[in-house]
Amino acid sequence: MKGTIVTTIIRYPHPEITEDLSELRRQNPLTQCITNVVVTGFTANVLLAVGASPAMVIGVEEAAEFARIANALLINVGTVSGVESRAMLDAAQSAHEHATPWTLDPVAVGALRFRTKLVEELLNFEPTVIKGNASEILALSGREGGAKGTESIFGSEEAAPYAKELAVKTGSVVVVTGATDYISDGDTVIGIPGGDAIMTKVTGTGCSLGALIASLTAVAPNPLRASTAACALYAAAGERAALESKGPGSFAVNFLDQLTSITTSLS
Amino acid sequence: MKGTIVTTIIRYPHPEITEDLSELRRQNPLTQCITNVVVTGFTANVLLAVGASPAMVIGVEEAAEFARIANALLINVGTVSGVESRAMLDAAQSAHEHATPWTLDPVAVGALRFRTKLVEELLNFEPTVIKGNASEILALSGREGGAKGTESIFGSEEAAPYAKELAVKTGSVVVVTGATDYISDGDTVIGIPGGDAIMTKVTGTGCSLGALIASLTAVAPNPLRASTAACALYAAAGERAALESKGPGSFAVNFLDQLTSITTSLS
Amino acid sequence: MKGTIVTTIIRYPHPEITEDLSELRRQNPLTQCITNVVVTGFTANVLLAVGASPAMVIGVEEAAEFARIANALLINVGTVSGVESRAMLDAAQSAHEHATPWTLDPVAVGALRFRTKLVEELLNFEPTVIKGNASEILALSGREGGAKGTESIFGSEEAAPYAKELAVKTGSVVVVTGATDYISDGDTVIGIPGGDAIMTKVTGTGCSLGALIASLTAVAPNPLRASTAACALYAAAGERAALESKGPGSFAVNFLDQLTSITTSLS
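Chains A, B and C, in that order, give the protein sequences. First residue of the first sequence: 84, per my numbering; consecutive thereafter. First residue of the second sequence: 84, per my numbering; consecutive thereafter. First residue of the third sequence: 84, per my numbering; consecutive thereafter.
Worth flagging that the hints you see were computed from the coordinates, not collected in a lab. Just so you know, these numbers come straight off a predicted model, no measurement behind them.
Since the list gives no way to pick one copy over another, a pair counts as held whenever it fits inside one copy or between any two copies.
Below 20 Å or equal to it, Euclidean Cα-Cα: the simulated EDC-like pairs (lysine to aspartate or glutamate) are:
1. K284 / E106
2. K252 / E241
3. K231 / E144
4. K231 / E106
5. K200 / E144
Build out the structure end to end from the sequences listed, making use of the hints.
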């Protein structure tokens with residue numbers, strides 16, 4: 084693995100984050116999500132909780148048409164199969180052609196051949212942001228990712244240098260999630276500590292972060308700030324929700340409440 | 084837009100609503116739901132909470148067969164794609180042929196071509212109830228619906244006259260949801276105030292209302308009463324749940340609890 | 084129906100159950116779930132709550148490849164349609180060939196022709212465990228199951244003798260769920276009382292039990308013990324969660340919390 088890199092640590096509250104989250108609630112961006120079937124409901128609830136407008140338009144007959152009119156697009160390959168992969172490619176191409184910012188969550192890339200090939204094709208349409216765990220970012224960097232299903236066996240700090248390198252290579256902002264999230268535009272590397280370990284025990288926390296990043300790319304000045312605001316909000320809401328929760332069931336409930344509570348008390 | 088129309092305001096509690104909700108719990112109607120992937124779990128939980136029996140039989144190989152034996156059917160086109168649209172058409176045709184009452188929720192009709200054409204075809208099978216937001220009802224009436232994704236930019240009061248007109252034209256009971264819900268059989272127009280704005284921040288509240296209406300069409304004397312009981316129960320449960328909730332996460336939990344609490348304390 | 088059979092009653096806490104649940108948390112088995120769209124999120128949350136690692140790899144392009152590397156597999160036919168049935172058959176065949184233990188939940192078998200035929204084909208790949216309600220187990224035994232959608236109209240005690248017989252015939256461990264769950268390997272019959280009636284009013288409680296059984300087959304000494312540990316944990320967590328819940332919404336939250344609370348306090 085590579086050595087350490089210079090990182091700027093950012094935490095909520097922070098003036099730029101406050102500004103971007105306020106804009107999110109004000110502009111209510113229409114965010115198309117083509118995501119996995121496990122997390123659709125939770126993802127929609129996260130977007131509604133922060134003031135964005137989710138639209139799960141996933142059919143191959145409609146995906147590209149909608150990617151043209153949406154304010155942002157998320158593609159998450161978590162449970163992808165044949166015809167859905169076609170919808171993803173069409174939507175990504177449409178987003179690329181019509182300058183709709185789009186975020187790619189390459190779940191378990193490197194672990195299975197079909198989705199690895201699909202992710203390679205999706206990268207041709209130049210995602211605005213790529214968000215993954217350490218395994219996924221390492222796999223995209225051509226290293227052995229060491230995935231166990233959808234979970235990473237490496238820490239995010241090990242993948243941070245590769246995130247920066249991948250950002251240079253692709254032109255995308257790259258987010259690697261973990262105990263500390265790292266975000267790079269190929270130049271700066273930002274570290275977002277915080278959150279709580281219980282977040283790894285509730286399905287959809289990682290996947291919905293991708294949707295939140297996508298929403299913010301529609302309103303923030305640049306995708307580095309969009310990603311930073313999303314990760315910092317998640318870290319803060321996760322910490323607060325964990326304090327008042329008895330387990331993963333109550334955490335999921337409190338987390339949604341905290342997302343609304345934090346973002347409605349801004350400014 | 085059209086002028087105002089004469090409306091009868093109904094609120095829970097009300098003798099006919101109590102009667103219909105009691106029948107729902109007593110008869111436990113088997114309600115087939117072909118709905119969108121975002122809200123399947125929440126919809127099933129809503130039906131179970133009020134004493135109905137949900138059955139998400141969605142495969143094209145089974146949809147029509149099941150629509151014959153089910154007590155009611157819901158079709159919601161929220162995340163429809165190719166083969167699923169075939170299952171919807173087959174199920175609607177089967178329901179029509181076998182006198183199974185069925186409810187249509189034409190999510191985002193008018194905003195995307197594929198589903199707009201699909202909804203037109205579905206209307207040939209004469210839904211018992213059509214339920215939509217103002218944008219959707221306006222689009223079905225041939226007006227510019229002004230949708231933003233799945234959300235309406237018009238209020239329900241603006242769509243109420245068109246709901247009545249659409250009911251006359253189709254023979255369906257038409258429900259337009261909003262701050263006040265309006266229900267028309269082409270003759271009467273009923274208004275159901277209540278609920279809480281937080282309901283628009285929890286995914287599935289609107290879609291599960293369609294499933295609840297469908298369930299009630301299996302037991303109520305007529306679809307106007309079925310729709311009225313469903314909307315009035317939602318308004319009451321939404322108000323009560325909002326009072327005890329800190330945000331959208333706890334609201335969803337409390338809403339399900341209230342649906343059970345209200346419907347088990349009847350009579 | 085048949086007469087009564089000799090049954091050993093087991094309740095949590097119990098040394099073998101404690102041992103198996105501790106192993107589950109220690110080994111964190113990667114559990115592939117090809118399940119119905121209604122319960123994917125809840126099922127993933129249940130597995131995470133007890134320390135297993137869910138992976139919803141469902142595409143026909145990936146299902147068999149993943150069934151080779153997964154520690155266990157669940158197949159639940161609840162909302163199956165065409166291409167998904169192909170993925171199920173491929174995954175079951177792969178699990179069979181590579182000695183991955185797998186659990187079959189034949190939802191509504193006997194009630195609809197397509198899935199009934201599919202389940203027959205799946206049985207050729209010799210599931211480690213078959214889990215169903217009384218109607219489903221009776222249908223698999225060639226009797227009239229008396230299903231109403233996904234619900235059984237017979238009690239589990241009526242199906243217990245047939246469960247034993249089916250275990251002898253198939254070589255699978257057979258679990259029949261109900262007020263008391265019965266588990267048989269064709270020799271012993273174990274009865275697990277407990278739980279709470281509210282569990283039938285929350286979608287996914289039954290389906291996620293199948294996933295929990297699957298996870299435990301990866302770590303327990305034999306599938307009889309795996310099934311016993313799963314049912315006993317569910318009964319205990321259900322009882323405790325019911326005590327602190329106001330309705331089905333809060334029950335689902337408290338149930339997840341209890342699953343974590345019980346399994347982290349072991350040993």
